[in-house]
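Now for the letters of each chain:
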Amino acid sequence: MADRSEYIAETESTSDGWLTRFLNNKFLFLEQPLPPGSRLFAVIAALSLAIVFFFPLWNMTFYSNQYTDGLTLDIYAYHLEGGKTPNRDDLLEINSLNHYIGMRPLLESDFAEFLWLPFAIGGLMLLALRAAVLGKMSKLVDVFVIFVYFSLYSFWSFYYRLYTYGHHLDPTAAIKVPPFTPPLFGEQEVGNFTVYSYPEVSSYIFFIYGFLLLAAILWAWRVNRKADA
Amino acid sequence: MKNLIKKPKFLWIGIGVIILASLMVIGSCGRRTAMKQERGGAAEAATMTYVAPGDIDEYYVFYSGGHSGNVYVAGIPSMRHIATIPVFAKYPATGYGFDKETKEMLGGFEWGDVHHPALSETKGDYDGRWLFVNDNGNNRIARIDLRDFKTKQILGPVPNVSGFHGGAFITPNSEYVLAASRFSIPLPKKTAVPVEEYATKYKGVVSGISIKPDTGEMSVGWQIEMPPYAYDLGDAGKGPSDGWAFWTTYNTEKAIGKLEVTSTQRERDYIVAVNWKEVEKAVQAGKTKIVDGVPVVDPVATPGLVYLIPCSKSPHGVDISPDGKWIIGSGKLQSITTAYSVDKMLAAIQNKKFSGEEDGLPILDYDFVKEAEVNVGLGPLHTQFDNQGYAYTSLFVESAVAKWKLGTWEIADKIPITYNIGHLATAEGDTVDPDGKYLIALNKLSHGTHLNVGPSQPESSQLIGIDGEKMKLLYNAFTEPEPHYAQIIKADKLKPIEVYPKEENKNPNAIWEINDAKIETGPGTVTVKTILVRSTITPTAIEVNQGDKVTIHLTNIEQTTDELHGFGLLEYNINVVVDPGETKTIEFVADKPGVYAYYCTNFCSALHQEMQGYLVVKPK
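Line by line, the protein sequences give chains F and R.
Take the first sequence: its letter number 43 is residue 43 in the working numbering, and every next letter is one higher.
Take the second sequence: its letter number 188 is residue 188 in the working numbering, and every next letter is one higher.
Because the hints were derived from the structure by calculation, they are not lab data.
Any given hint could be a false lead.
[Unchecked claim] PhoX-like cross-link-like pairs, simulated, lysine-lysine; straight-line CA separation at most 25 Å: (1) Lys201(R) <-> Lys84(F); (2) Lys506(R) <-> Lys490(R); (3) Lys150(R) <-> Lys502(R); (4) Lys549(R) <-> Lys620(R); (5) Lys26(F) <-> Lys176(F); (6) Lys495(R) <-> Lys152(R); (7) Lys201(R) <-> Lys258(R); (8) Lys84(F) <-> Lys258(R); (9) Lys90(R) <-> Lys100(R); (10) Lys90(R) <-> Lys84(F); (11) Lys258(R) <-> Lys123(R); (12) Lys493(R) <-> Lys84(F); (13) Lys495(R) <-> Lys84(F); (14) Lys100(R) <-> Lys529(R); (15) Lys152(R) <-> Lys490(R).
All of these numbers come straight from a predicted model, not from anything done at the bench.
Work the whole structure out from these sequences, hints included.
Here you go:
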């Protein structure tokens, strides 16, 4: 802390060009220590991610005349789970129906995401804890940036999956349909089905994770600005 | 002159005929008016039986299907037939009797005669686990599991039993399903004795079929060697009469030949009272002889097991009231139903109030044990009960149902039915806790009260509302032969599955991946593991040599409701239907060369028609 206050004293007295000033400010910002409140946010953010392993990320529900209660498909970070009642196995049912239009069956073994997603989630938890322990703004910014990158990549990956399933249809299928992309978000009519696709608990947890990190950053910034002034 | 003298005679005869005819017309009109009156408020009756599309019925009714060998399931109050459960006969609609397992269960018999279904009970109330049905035709008894509505076990032909009419009647905790012989024969079976020696050499049998409490598995527990009467209907005691079972008998004359004359000479026949708990003890004490592998008790040598209670002649039903206090016996050729007191019966046994003995068995004094004679009407057959203390007795000859009060023994109401009612069934009417509300009259004759379908006419069952003071005829349904008796159970007591869960399928020949489907060829044998799933039978072609023994294991890998797949093989007389999650096996010898198509027989999907393949049998 001592270096930073010295640095502040030093830089305040000089009058450099804009780039130097910008870099100096960035350096000042990133070198801030994290107040206890920010560290707590980071710890809560890390722990909250554990919930992701127990709840689905996304849900797709397929309604039709024969399935008024809807065939459901929950996408977890590490596997697929169709609705299952004593009277129906929805994943099996979805695959049974999709084969008529030549769509590949949804097989867990085809999803590379189910390998790297849990690894990445563990990484995000560790990085948030690391920021809390080392107590520096730069670590917090690191993990936030990585998280944003992770989120965008995951969305793209999910969208690309849907695109691939809907576009790489077996040309010998019994029923020929024009290639389509199942909805990532919202509803869509596909044949005799209406498909609803919406985020589930774990996606909200990711959102909370990001929100807590951002809150930790802002909190530290505010506390330090008060202290500096 | 002669003509003049004769004319008045003809005139009188003519007038007589006209008067008689008018009386008949007036009589039948009167009857119709009476029925119309009962039907009065057609709109009300229609509302009471209307179950809107999408709604479901309040009760299940399980009809015995008589000599069809089936059980029919319908809903109350709509009376709509919902399902047929094949039991003692092949049934191509569900593939029953074509696959290895059910074929073995049928044991080569092609028919059975289901008379009296009995729902399993716990503490005298229906528990919704199993339905037991008898086979009067081939001396068998079967268990239907109500988890999947499938026949799971057929026991028999049971040794020593001939004409399993006096069953299936269940004890209050499903310890036994009881049954008795209708046609006495010389024992053991395969003994041939001239009919003239009937009275001395022929024997009746009462059987206690043990039920395993957890699985429902049946086995022959014991039998009682009885005098050669015809054992007709029975009921197990409950409450104060628990431990007892009762059967009506006819032909206590022990006559042969034209029984409608020879067996109806006495004014009284008997109800036999069997103390089955004492029989159990006698069996445990080893007071038995083994006849055809079954421990058989002789009630003459071991007293205290069987008593005779006089009953008006040729009785049919004997029924125990829900509180277990009254034994209701009906002589079908008379107009009274007799109510006996269980307390008095027990006292008579204790104080030896016997009026004599017959065939070595003590006869309880009728006047001592009788509580009341109820003048119900002509031809009383069978009695059921409601939750208000009323009894309902079917009147075969009169074609009516009489409602009367237990305890006061007064007739409260009567309703005509069409026609000739045999049994009747009230909602949970033979439990300790009947529901009242509905009664079904199970009629023997429908006499064209339906669209004309030619001479082979259906039977009729009529739904009667019994929650008011007056009985109300609500609905006429026509049932396939032959609803002898039925069981009515509240729908929420059953929780059937709709899919066989994959995890439960322990069949070693089940496969779940299309890639695992395969044909294995051995010397003279071909074994095929087949997958049925929308809309392919995999493998789609099977090649065998003429004379090969072919075994095909069929697994329907669907896990959704109502995705049944069939497997019909042309000209090989094979059709099975495999339910979702089920595996079935068919076996046959490919003795006919050529190419035979197989296909899915149970409509499944938009490409059901394409679900087909070929069996190629290469000639020798």
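Now the hints, each set against the structure:
The hinted pair formed by Lys201(R) and Lys84(F) fails the criterion: a straight-line CA distance of about 63 Å is larger than 25 Å. At roughly 32 Å between alpha-carbon atoms, Lys506(R) and Lys490(R) are farther apart than 25 Å, so this suggested pair is violated. Straight-line distance between C-alpha atoms of Lys150(R) and Lys502(R) comes to about 18 Å, which keeps the hinted pair within the 25 Å bound. Pair hint Lys549(R) plus Lys620(R) holds up; C-alpha atoms about 14 Å apart against a cutoff of 25 Å.
With a C-alpha separation of about 57 Å, the suggested pairing of Lys26(F) with Lys176(F) is violated against the 25 Å cut-off. Simply put, Lys495(R) and Lys152(R) have alpha-carbon atoms about 17 Å apart, close enough for the 25 Å limit, and the pair holds. Taken as a hint, the Lys201(R) and Lys258(R) pair is honoured in the structure, with Cα atoms around 19 Å apart against an allowance of 25 Å. Among the hinted pairs, Lys84(F) with Lys258(R) is inconsistent with the structure: their alpha-carbon atoms are about 64 Å apart, more than 25 Å.
Distance check on the hinted pair: Lys90(R) and Lys100(R) sit about 12 Å apart at the alpha-carbon level, within 25 Å; holds. At most 25 Å may separate the alpha-carbon atoms for a hinted pair to count; Lys90(R) and Lys84(F) exceed this at roughly 34 Å. For the hint linking Lys258(R) to Lys123(R), the alpha-carbon distance of about 43 Å lies beyond 25 Å, and the restraint is violated. Of the supplied pair hints, the one linking Lys493(R) and Lys84(F) holds, its CA atoms being roughly 24 Å apart against a limit of 25 Å.
A hinted pair counts as satisfied when its Cα atoms are at most 25 Å apart, and Lys495(R) with Lys84(F) qualifies at roughly 17 Å. Straight-line distance between C-alpha atoms of Lys100(R) and Lys529(R) comes to about 15 Å, which keeps the hinted pair within the 25 Å bound. Distance check on the hinted pair: Lys152(R) and Lys490(R) sit about 23 Å apart at the alpha-carbon level, within 25 Å; holds.
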